[in-house]
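Enquirer: Spelled out, the chains give:
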Amino acid sequence: MPPKRYRPLFRLGFTRSRAADVDDEFQFHLAMRAAELERHGYDAARAREIALTQFGDINDARQFCRAEDERRMREYRKTLHLDNVRQDIVVAVRAMRRQPAFAFSTILTLGIAIALATSAYGVVHAYIVRPLPYPDADRVVRVRTTPTADPFPNAPRLAGIDWSIADSVFAVTVEWNLDAFTVVGSDRSESVYGAWVSPGYFTALGLRPAVGRSFTVSEFATDQPVAIISDALWRRQFNRDPSIIGRTMRIQSGERADGAEQVTVVGVMHPDAWHTNRFTDVLRPLTTRLFPPMAVLRPGMSMREAEDRLNAIVRPLIPGTVDPAWRMSLVGVQEDYTFRIRPTLVALLGGAVFLLLIAGASVAGAQTARAAARRAEIQIRAALGASRGRIVMQLLTEALVVAAAAATIGAVVGGAALATFGSLVGRQLGAAIPGGDGRLALGAGILALVVASGSVLGALFGLLPAMVITRAAVKHQGLGSSLGGGKGTARSATSPVLRRGLIVTQVAFTMMLLIGAGLMGRTILAIATTPLGFTDEQVVKGDMFLPSGRYPDAAKQRAGAERVLEAVASDPAMRGAAISFPDPFRTFSLNPSRVITDRGPTPADSGRPAAGFVVTPSYFDVMEIPLLAGRAFAITDDAAAPRVVIVSQRLATALWPNESAVGQRVRVAGDSIWASVVGVVGEIREPVEATPTPEIYWHLPQDPVPLFTLLARVGGDPADAVPLLQRAVARADNLLGMANVGPLTELTDRAMRRHRALASVLSVFALLALGLAMLGLYASLAYVVTQRRREIAIRVAVGADSWAIRSLVLREGVALVGIGLLVGIGLSLALTRLIASQLYGVTPTDPGTFAAIVVLLGASALIASLAPIRQATRVQPAEIMRGD
Amino acid sequence: MARDPHDLLYGSLDLLILRTLAWEAMHGYGISSFIRQRTAGVLEIVDAALYKCLHRLERQGFIEGEWGITDENRRAKFYKLTPAGRAALRAETNVWKQYVDAVHKVLEPT
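These protein sequences, in sequence, are chains Y and E.
Heads up: the first sequence at position 389 corresponds to 389 in my numbering, and the numbers run straight through without jumps.
Whatever position you read off the second sequence (first residue = 1), add 884 for my numbering.
Hints listed in this document are in silico derivations from the structure and should not be mistaken for laboratory results.
For every residue, glycine included, the Cβ atom is placed at its ideal position computed from N, Cα and C.
Please note that a few of the clues may not be correct.
Claimed, not checked - Each pair of labels, with its calculated beta carbon distance range:
no.	chain 1	residue 1	chain 2	residue 2	range
1	E	D985	Y	R77	24 to 34 Å
2	Y	L384	E	R958	27 to 37 Å
3	E	R958	Y	R77	26 to 36 Å
4	Y	R77	E	E950	14 to 24 Å
5	E	T977	Y	L449	26 to 36 Å
6	Y	R77	E	A906	23 to 33 Å
7	E	I953	Y	R77	22 to 32 Å
8	E	T977	Y	L384	40 to 50 Å
9	Y	I50	E	E950	28 to 38 Å
10	Y	L449	E	N978	49 to 59 Å
11	E	N978	Y	L384	43 to 53 Å
12	E	E950	Y	N59	35 to 45 Å
13	E	R970	Y	L460	41 to 51 Å
So here's chain E without its partners, still in its complex pose:
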């Protein structure tokens, strides 16, 4: 699968999106704002990469897009997690944690 070069780290944007959508269905702008707020601006996501990731995840069947109406009465495409996406989130989270642990062990002096 072709990965976007703007990915933060291999697979990490996927994980962030899936985790974000685990709370509730959101449109692309909402996801972008949410991640920025949650990470207090540490993770600045290029929007183009975000959308490419969303459409790829949708094609892969992890998320499902549906047009709806926002609180401001605007038409927007809302994404939500599919059961397959929920399973992928669980699996990827574990992998990510192991990865982080491994990196941590290398960086921390024993």
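Isolated chain Y (complex conformation):
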């Protein structure tokens, strides 16, 4: 049976006193019955007695009836409450439909802000909040050989230590030896990244083959020609042929001379298998114990405790004296993986949150400005007996309906954006999304949370104006003036403090976003305009390595590099070819070398840090790095000749400030052979995040490396030259392959990709914020003009000129924006430090950027004030006076 609906007015009269009602009802009955009995001849006392007896158990009945009435009223109040909510929602929807543009713009504003915040949180969630996709992810740690992430000058050599000692500290150790393999294909060979891995690689990281099997115990015990390949390689080279298991493939290890050429594929990894590094295409079993880069803590043992125990065990095993400041350190695997991108993520999320607050303030401001229009409606409701709480509930419901709509739209759009553009994120940030691109999508739980918190936010922004409106409306209810249409009581409709506070908040937050965007813009500009020191255009590059099976020693590697260079040079399309390790952008970042001169070192001076490069003589020509003094490397500087180096200008002036660098002698810490400086070359731009280091170049024939980048200058588009370069390498040795082949400008782009991404995101946020703040200021000033029409009219009537009127409005605008700017500057000074590590060529408190943003905001504010000012000067005194 559905609950019955009551007419409220009737109810209001009836609910007065239920307990008394039951008594009254019974008394009436008894009186009537007694009167009837008296008519039948009983005396009054006897009649009353009989009536009472006939009635039965009156106390029980009274109790029962009262309980029933109470229960009825409880149920009634519940339905009344539900009715109110339903009614409020109906009224809210009706109000939105009455002013669709207002509702639309409110929902759109909040919706966009929530969508951006959802996406930003989604990215942060994927990297920082959600654990890495490893079992016991909270116990997986990276083992560092230095106390900090920065290079440690006097780190001892840890070679020769039997790392099985780590078993006494950790539950599982994960060891790997990174390697590059040439996969010899039917038509072309391919260089792929891989590793020799310990059993812990599979158990601790939860990685296992999807097809085939893992390595057996005996395969980890003695070298056997077996390999597990990645799903990606399986697809590229074998077209996902399931018969690959048990078949042999021809691969060559870059690291190991004894690496077998014919190996049996025993397994293919799962497509979702994810590791913090990219060396996953070919896995081979590691049969020796190595330093463990990763380990799993024992349950219950803290990271600090494990670190202390590790140091206590390792330190005595190191021969010679050890710098007392040195120690090995442990860091959570997730922290280690994300520490470089953390500032970007914080800036991203912070920007989104501030934009959300600005959007909220903007909506609250708009609601407040509507106060004048709503006041009449609310006063009527108050006059009809609605309590202030009831009216606030109504306004709050309106805000909730709008916010819920916006939050739903925002969550859907934000979730869709993540799903669509997810794969871009990893590339832009320079660190793959943990667990793969597919893991970026937000779960239903988080989306529900977004909708819920968005609604709460909307309610808060709806509540402020609601309180203010009702206070004003109820207070002035008796005057009746407002029902006539907004005349009189001009200053009372909304709290000026609230309205102004909202504007100041918007301006201040907008200022912060603009400053952030400005600083990142300056960073991009600084990176883009800092001379590379070499010419990256018209150069094609490819990473190569010489498999140690066929290039086991320095002589073979030297010959191999020469043969490759000759083959490339023989192609008429190539204008020059060179080899360097690492590439000029230091994609494989190495710890800086410490350069020592024959004047030192003093005990305190452990050498000057410099980035070491191994290059061939033509390198400076191909890269167009100017030779400033001395000479370039020559063919005669071969393995038999005395060792030579070339230093960059900055290293030269740092080491020999008052004399020529050419002819000086240097060596690198940890190396006893001295080398003479034969030349000085121009500086090249260091990686954006590296500590600034000058460069030192070694000659490849004297220090052959099996792993290097091949660089060739071409006449036309370097992209067209890719196949030419690949063919040339195949001519030199048809078992050699290359990885990451393409124009060198790819690396130029990559060097600033993360900064550009952050700059673009912050710019979008800042522009949206600026738009909202300007709209807010405009609305606020226009409202002031409307409210002060009478005052303006009187001033005009008594002879104020138009400039006085203009300044009246302008003063309000200038005051609001001025305070907003001051607060904004303060907040910016406090918060830009968070992105300091992402800045390049500009300080977090760069006065130029601050000044420019103040000017930009001031100018925008002026533009926003123009329309209200014009409106004020057009006030016609006669009309206004008559209107009253």
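Given the structure of chain Y, go ahead and fit chain E onto it with the hints provided.
Expert: Same frame as chain Y, but now just chain E:
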């Protein structure tokens, strides 16, 4: 739902009240007198049970109470049937008739 032990028969007092109120709105005393007269005293209703039944029916939404003034100018609570009560009366009457028929068939020798 807790039934009053003084009920004549399960549900029959409900039915009597609803039927009585189908003619016109009445106060509790009126209902009590009416039923007694209609049944020529065969059904003697305990007043306490009647009122408990009235308040329960009101809570269930079948009847609606309203304070009014009697012909003798006294303040009394008048009950009237709600649309839900009218529907319930129809349904309950049918059930009751079927019940009576069934009992009749058992008692009457064929």
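Enquirer: Now look at each hint and say whether the structure bears it out.
Expert: Quick rundown of the hints versus the structure:
no.	hint	result
1	E:D985 / Y:R77: 24 to 34 Å	43 Å, violated
2	Y:L384 / E:R958: 27 to 37 Å	34 Å, holds
3	E:R958 / Y:R77: 26 to 36 Å	31 Å, holds
4	Y:R77 / E:E950: 14 to 24 Å	19 Å, holds
5	E:T977 / Y:L449: 26 to 36 Å	55 Å, violated
6	Y:R77 / E:A906: 23 to 33 Å	30 Å, holds
7	E:I953 / Y:R77: 22 to 32 Å	28 Å, holds
8	E:T977 / Y:L384: 40 to 50 Å	43 Å, holds
9	Y:I50 / E:E950: 28 to 38 Å	29 Å, holds
10	Y:L449 / E:N978: 49 to 59 Å	53 Å, holds
11	E:N978 / Y:L384: 43 to 53 Å	45 Å, holds
12	E:E950 / Y:N59: 35 to 45 Å	26 Å, violated
13	E:R970 / Y:L460: 41 to 51 Å	49 Å, holds
The structure shown violates the earlier hints numbered 1, 5, 12.
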